[in-house]
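Q: One-letter residues, chain by chain:
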Amino acid sequence: MENQKQINQLGRDMLFTSLASLLAGMVTALLLGLLVFIWSNSVAAAESDSHSSYQRTSVEEVKRGALLMNLASGGMAVDAPLLDTDVEMVISGMMARVVVKQQFKNPSQEWVEGTYVFPLPEDAAVDRMRLRIGERFIEGEIQEKAQAKKTYEKARREGRKASLLSQERPNIFTTAVANIAPGEMVQVEIEYQLTLHYDQGGFRLRFPLVVAPRYIPGTPIGPSEVVAFQGNGWASDTTQVPDASRITPPVVDPAEGAINPVHINIRLDAGMPLEKLESIYHPITVQQDETGIYHVSLQQGSVPAERDFELHWVPHIEAAPHAALFTEQWDNSGYALLMVMPPANQQATTNPLPREVIYVIDTSGSMHGESIIQAREALKLALQRLAPTDRFNVIQFNHQTDALFPQAVEANARNLKWATKYVNGLIADGGTEMLPALKLALRQTTEKGVLRQVVFLTDGSVGNEQALFKLIHEQLGESRLFTIGIGSAPNSFFMTRAAEFGRGTFTYIGKVEEVGEKMAALFAKLETPILTNITVQWPDGQSVEMWPSRVPDLYAGEPIVLAVKMQKPAKQLTITGQVADNAWKQQVLLKGGAVESGVHLLWARRKIAELMNEKARGRDESKVRDEVLAVALSHKLVSQYTSLVAVDKTPSRPVDDAFNSKAVPTNLPKGWSAEKVFGTLPQTATASEINLLVGMFLLILAGALKWISRSRRSMKGDFQLVAGRS
Amino acid sequence: MRWSTSVSIFLVIAGLWQMSEGGYIKAKALLAQHLLQSAWQESLSGKKRVVPWPWADTWPVARMEIERLGIDQIVLEGSSGRSLAFAPGHIAGTAPLGGLGNSAVSGHRDTHFRFLQYLEPGDQIKITPATGETLMYAVITGEVHDKQDTWVLDQSEDGLTLITCYPFDALIPGGPERFVIRAIPVSQNKLMKSVLL
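Residue numbers (our numbering), protein chains in the order written: chain A, 3 to 728; chain B, -9 to 187.
Since the hints were derived computationally from the structure, they do not count as laboratory data.
By construction, the Cβ of each residue, glycine as well, lies at the ideal position given by its N, Cα and C atoms.
Any given hint could be a false lead.
Claimed, not checked - List of simulated lysine to aspartate or glutamate pairs, DMTMM-like, C-alpha gap at most 20 Å:
1) K382/A with E515/A
2) K638/A with E141/A
3) K137/B with D431/A
4) K147/A with E170/A
5) K107/A with D650/A
6) K37/B with D404/A
To be verified - Derived coverage of chain A by chain B (criterion: at least 3 residues anywhere in the stretch with Cβ under 8 Å from a Cβ of chain B; other residues may be distant):
7) 431 to 438
8) 684 to 697
Throw the hints in and build the complete structure from the sequences for me.
A: See below:
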């Protein structure tokens, strides 16, 4: 406060001084400008001799070959393997089985190893990888991560073909393929199981296509030397992100044109009549066969891997699911995936509580362009929705954090006007230091009876997710954290998990036109009371292992989704909860339901996710690791501690042939600016001198004109004099 | 009124307008340095982030002196166009001035950093950070780079990097080349591990 006052006082002094000098400056500008100009040029002339011996080396022009690609992340990719991706999805009800086929083609004259960093949905249960060489398939085997890497490297040394699929983050994976012969094509097939998200009466399936460059905080550790398969990324490992080089693949300069084409084919068996089926970001063609199954493919055949694919379908209102059950018998246990929709009338009641809303907006370089426009629009809509009884604040951050008000203020017209002005002036530049901004947003406390909500707008392009989760877990208190994902390729693993730790929800906005609709859905959640204290009661004597173990609070339009492992089949269960002061209770009969394979995978994937959350909350890593290993190995799932590895029996590369390791470059997400992410040196010239020159030229011209016309006039005068005399 | 008179009045007005536009930029660059002095004195007395005027989004971070060329300038935080109009700006994300690593400062080639072309290897640059001890740097190289060459901001070695647009006498702003001066620390005082901003 003390400091604030002094700045204000100083500010007033400075205001007068600077206004006065601004005036003085205007008046004397002409004179001064002329003087400075003349002076600076004479100095330049005087000193031009003294620096003639000064050595200046210019940048060498680098010529580009056919197979070289300029990388926006610095340097060039030489003879990088080319990649083609085929995606096939089979969707039935609430589950999807996805096959991703990656074809690596080696365009060079040497044997290469290709590595490709790619994203998958953050809750994908990856359980199968096959290596296809010609007509042969080699089935991948699940192994403990370090062991799998050893197996792979041994094969690589011996000249055998091998592939390794490992998880870098729950939504970032790496495939490595060893010993691709010159001109040869090798295919890696990856399969995973996925639960679909049902929210606001519709299903959503997102297929991420590109890993957006992440901001890597912290100080570099060790030399940034690139060693084969130690990661070929553009960032070097840092204290906060020790695996930075593995999650930052080379990025091709957008000027080179988009690379890595992707084909997508979907077979959608919704199980109910549909009101709407749409792809949000890519044009699609849809065909419905006589059995009611939809066949979806991309209109253009293939798209470059530069923005996420999203399919959205809405059942007819009467056919909207209130509950769904999928079961599977696997390895002597019963598995079930259960969805229950709380009745809508339970949700919209009681008076809304006054709220304190803290808006946190990411203004880092990765938000430049389309993203910051979306964020500004979303934020302005949010400001309009505040009631006069609410309090609010706006915090922006890049490498620095800046709050509009020292603490939350009333949402009166004056403050809102200030805030709107502030939001309009936001520009995106600089790094992404998220920790201090989150700390600031969560630190302030409120009185009782006030809902405290933190609304966080970002693309989540950071590599230090764990540190952020830990902070949210420790500092959340009574606040609720709502994340809004912005841009064409946000880090949805970070945002969904952050919202989970923050007991709020995640909203994804992919383009400006969506802002209105998506924000309206979020406002509905922010303003209606939530279903809390949800508990699930099983019949006595029934031993079940249920994930999530504690059902999170539910917002309007969200279902309860449970994955259960049972020793013996259960008949029914009871779910209870609370909406504001009213109790809510529902009985669910576990009868019927569809038998689907892969339910056990979804259960195991959720168990792993929850174990990893425990690690973020501070549980001992070695214990978490043991438990994750047990689940992942028995269900054959790729995880932080397990990888899939496939090795050919017969060697294909003569051992004494040379061998190169190459990373497959990726695209920059659509709408991103390479200059803003990787930066350029600042713009450091003004138009002052051309202004002065043009001005001087115009004045001289005016003088010349005047002189010409005067001399003409005087000539005319002479004639008149002569005429008068006669 | 004769056409020649109206044309020349127009030319005079346009000429004066252009001159004052250009002069204003130059004058602002000169005057701002004086205005910044008082904010700088405040900063030296231990306060952090003293904004020179209430609507400013920047604050003084260091004083830079080069005795041989008679240069004495206050450096502001950030290298956005707005702050560069007043003073050279410390490039965000590079090491803070006086800190370990490579601190980069950019300035306009037609105002504050015009002098960069007269620097010679061995020239001494004195940097007084807002917090911390005075440091001496010595110029080692001056090179022309493309604006895409952001590796000049690489943090692996301690030093001071001064950047301005190139060529110095180009009339049209916005060219792709940058003139980059490198200097290395030569003083007895130690660089600080981290300077809190």
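Q: Confirm or reject each hint.
A: Cross-check of the supplied hints:
no., hint, verdict
1, K382/A with E515/A, "holds, 14 Å"
2, K638/A with E141/A, "holds, 12 Å"
3, K137/B with D431/A, "holds, 16 Å"
4, K147/A with E170/A, "holds, 11 Å"
5, K107/A with D650/A, "holds, 18 Å"
6, K37/B with D404/A, "holds, 17 Å"
7, 431 to 438, "holds (count 3)"
8, 684 to 697, "holds (count 14)"
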